[in-house]
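Protein chains: 2
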Amino acid sequence: MSQPATAITPRRDEDFPEWYQQVVRAADLAENSDVRGCMVIKPWGYGIWENMQRVLDGMFKATGHRNAYFPMFIPLSYLAKEAEHVEGFAKECAVVTHHRLEADGQGGLRPAPSAELTEPLVVRPTSETIIGATYAKWVQSYRDLPILINQWANVVRWEMRPRVFLRTAEFLWQEGHTAHETEQEAREETLQMLRVYETFAREYLAIPVYVGEKSEGERFPGAVQTLCIEAMVQDRKAIQAGTSHFLGQNFAKASGIEFVSRTNTREFAWTTSWGVSTRLIGTLIMAHGDDDGIQLPPRIAPAQVVILPVTPKPETRDAVLKAVEQLAAALRAQTFGGEPVRVEIDRRDIGGGTKNWEWIKKGVPLRVEIGPRDLEKGSVAVSRRDRGVKEKEFLTTDAFVSGVSGMLESIQAGLLARATALRDAHTVVLNTREEFYRFFTPSNPDRPEIHGGFALAHWNGSREVEEQVKADLKVTIRCIPMEDSPEPGRCIFTGDPSPRRVIFAKSY
Amino acid sequence: MSQPATAITPRRDEDFPEWYQQVVRAADLAENSDVRGCMVIKPWGYGIWENMQRVLDGMFKATGHRNAYFPMFIPLSYLAKEAEHVEGFAKECAVVTHHRLEADGQGGLRPAPSAELTEPLVVRPTSETIIGATYAKWVQSYRDLPILINQWANVVRWEMRPRVFLRTAEFLWQEGHTAHETEQEAREETLQMLRVYETFAREYLAIPVYVGEKSEGERFPGAVQTLCIEAMVQDRKAIQAGTSHFLGQNFAKASGIEFVSRTNTREFAWTTSWGVSTRLIGTLIMAHGDDDGIQLPPRIAPAQVVILPVTPKPETRDAVLKAVEQLAAALRAQTFGGEPVRVEIDRRDIGGGTKNWEWIKKGVPLRVEIGPRDLEKGSVAVSRRDRGVKEKEFLTTDAFVSGVSGMLESIQAGLLARATALRDAHTVVLNTREEFYRFFTPSNPDRPEIHGGFALAHWNGSREVEEQVKADLKVTIRCIPMEDSPEPGRCIFTGDPSPRRVIFAKSY
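Residue numbers (this note's numbering), protein chains in the order written: chain A, -2 to 505; chain B, -2 to 505.
Simulated from the structure, these hints should not be mistaken for lab results. Everything numeric in this text was worked out from a predicted model, so none of it was measured. Hints are not guaranteed to be accurate.
A pair counts as met if it fits within one copy or between any two copies, since identical chains are not told apart.
Unchecked claim - Below are the BS3-like pairs computed for lysine-lysine, each with C-alpha atoms no more than 25 Å apart in a straight line: (1) Lys503 x Lys471; (2) Lys78 x Lys250; (3) Lys310 x Lys374; (4) Lys358 x Lys134; (5) Lys58 x Lys319; (6) Lys352 x Lys58; (7) Lys352 x Lys134; (8) Lys58 x Lys358; (9) Lys374 x Lys389.
Build out the structure end to end from the sequences listed, making use of the hints.
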């Protein structure tokens, strides 16, 4: 039997990276711009980001944070203050050197030599240094602490191999920056925000994540500890989907965030930073997409239900459109996840088949068709994105309206269950170096882009082993899991003692 | 009698520009950063911006627009495409010339010579050119129109004399960019968005605005028509608070936004753009502030009610704090303007007087004190920001809760009435050149910063007159009002015929 046709070519199992690009295009999420490495986020993609922002913003505020905004330009001298930080970020910056253009005499423009900046500015790759300099002015006494602030912003990291949503020169993110009186409080904050990200990924994105600590080699430049959430996507590679950094007193010392303590001594503050970005949209696509496009978890979908009026004849058109409006109003009066159900009506005068496929590719959870015959019967034809593309359920309008929230809940839960099953099926414990190398060596030449998965293995904690494995297999330690009772053993590479297994994988 | 002490020094009538800076500081809204011309928007100031964003975003969506995001970098060659546009914006740009830093050998950093960009990039001062280039790819047929998109973003215009919120190198804004099939549709869009801004200013910011068209000299570079809303603030100067541009086919031609029409001809699209920025926060301060700080219209205030627990003795502290929580919950269950009342509790252990004054300066509409004696009586002491600072009204808790929405409504209406009275009192019709020059020449040397106001006068439409008046008095035409039945007359400067009076004023 021949393979059924799919909306996306190639399929995931044929060429996963190309499938990803095609889904981004087919779902109308984003596109590359003419500016190297910079993307245009189109309305459907931006709608996903708006929902992510709204939910996360609520979670940040519920944990006591407020938003603020800091300059996007950072003087070179600020970046240079923290030695590891500059090492990590100075390599990939957009550098502003002039503040005016002039005619170049050939019909074009050039930076005006007379308008060269005394000190060049860098477009923020992250804001620890500029925010640190500000906090240093705000903090005098322990009474000024904690400072619990988040910023929604664009950042720039020059990327040599850009890939839409996953790695772009400019991207959108949030960055929390907090300053505390004590080490313990800052460590608790770091962990709290990691848990916020974990909850968000699971409950809203329907993505189960491993949480843990980065090894020294993978740590944020300048941090004492980097915690992260790591997701597995369908080619079994890992994506770092969010990080929370305990910065110790490193940035406080570099920026001069000092305060008079309760015992009247001068102390440096303890700081944290934490962030997630538009990379989450890429994660979502690779976690839930199928060979017909993206599948959006209802809680984060810009539209949860799309209504497709079927109007074959002009004389029944008005009646159908009226019924569609009524259905939309009835659905919007229902709530899902504490919010009104989000409904879109597609009134465009194009073929029903084209329309239907567009919404399949865009991943809207429920599609509803209403035509003249449905009106007579008082019914609607409902298709779920998580079922076969031709499957339709015929329901009375009332039954659909009263059941819509339950259907969305079932889709949300189904996506999480499927992603969890995939992750669990491809997370293995490996006890020897041989098993490890075999696991990460592509065995099937027909499917070079589908990888082994996550390997839990003992490791002696050394950077040498990490680097060897990375050089041999392009495999890195994704995180050192945070468990209550880790099982000690021996490093599978060296035989040295190991306090616990860590997670290895290939990654984006 | 000596003047009563005020929280802000100097008073408005002593030195308005300095008063403005002091209010920004005292209300904890923003501060200058170490990066020249760039501000830090602090949580209270950003909270105002968040409310503005939320309301405007709802109004944009209700008029059919969706959000998207475009690159912040613009290639020089894009800027050069539209001749007037480049003339207007190339002068004040942040220019990115390198994509990497390297050690300068003296412990610092410098742009790496090996990483110079082939084509420099400009940080967007506005996005017509980069968005136009994108729309050119999206639009093939009339069926692809209209495109109705808005973007929330940061933009950069290098400013020689920056002033927080009013004129900063980097600021936050929204920019709508739409493309249409017909001239009429684009003109209707331009007007529709102007009306959205006018409604927002009046209903939310409590600021009455004049709406009209800019003269050629004040038009957006590249636009066919610039519509604007102009507010009067308390020194009687004008602020352009929002603009909506009909761009004709200028940018469509420059960017190549072409489509196959219904009659199968190739046509250029008709485009518009429209925006408001964080400048609205500066407008709000100058429109409603008094000598004790800012006064926030309830509809836009980050907190509408602040509860100040009075806990003189440790033994009654718990009971007071419990009552405060109950009151906050009861208030949040009330709605104002269709949303739950926004309540903050100030639990800080600092003196009651200091606390009270902080909230006066921050302009929160209602302050409520509860102490042990109030608990006994079941009452609260309520102070309105629009009344004298020592005025308190003692109400039963129930009466306050059930009346809170009405009190907020009364404050909102009062602010609008006061701002309208100020504007009307200082908007005059002037019929001779002599009157005009007298009106705009400071007569009182003790109050050099308080100006004449808005002058309605006939004008012959010539750029020469505009430039003469600007050179002589620093007065410009703020707008040509849009009226149904304008009164014709003769230009007060030249005696030439004039179809209608226009509004002249000094401006920010």
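For which of the previously enumerated hints does the structure constitute a violation, in increasing order of number? Those not satisfied: there are none.
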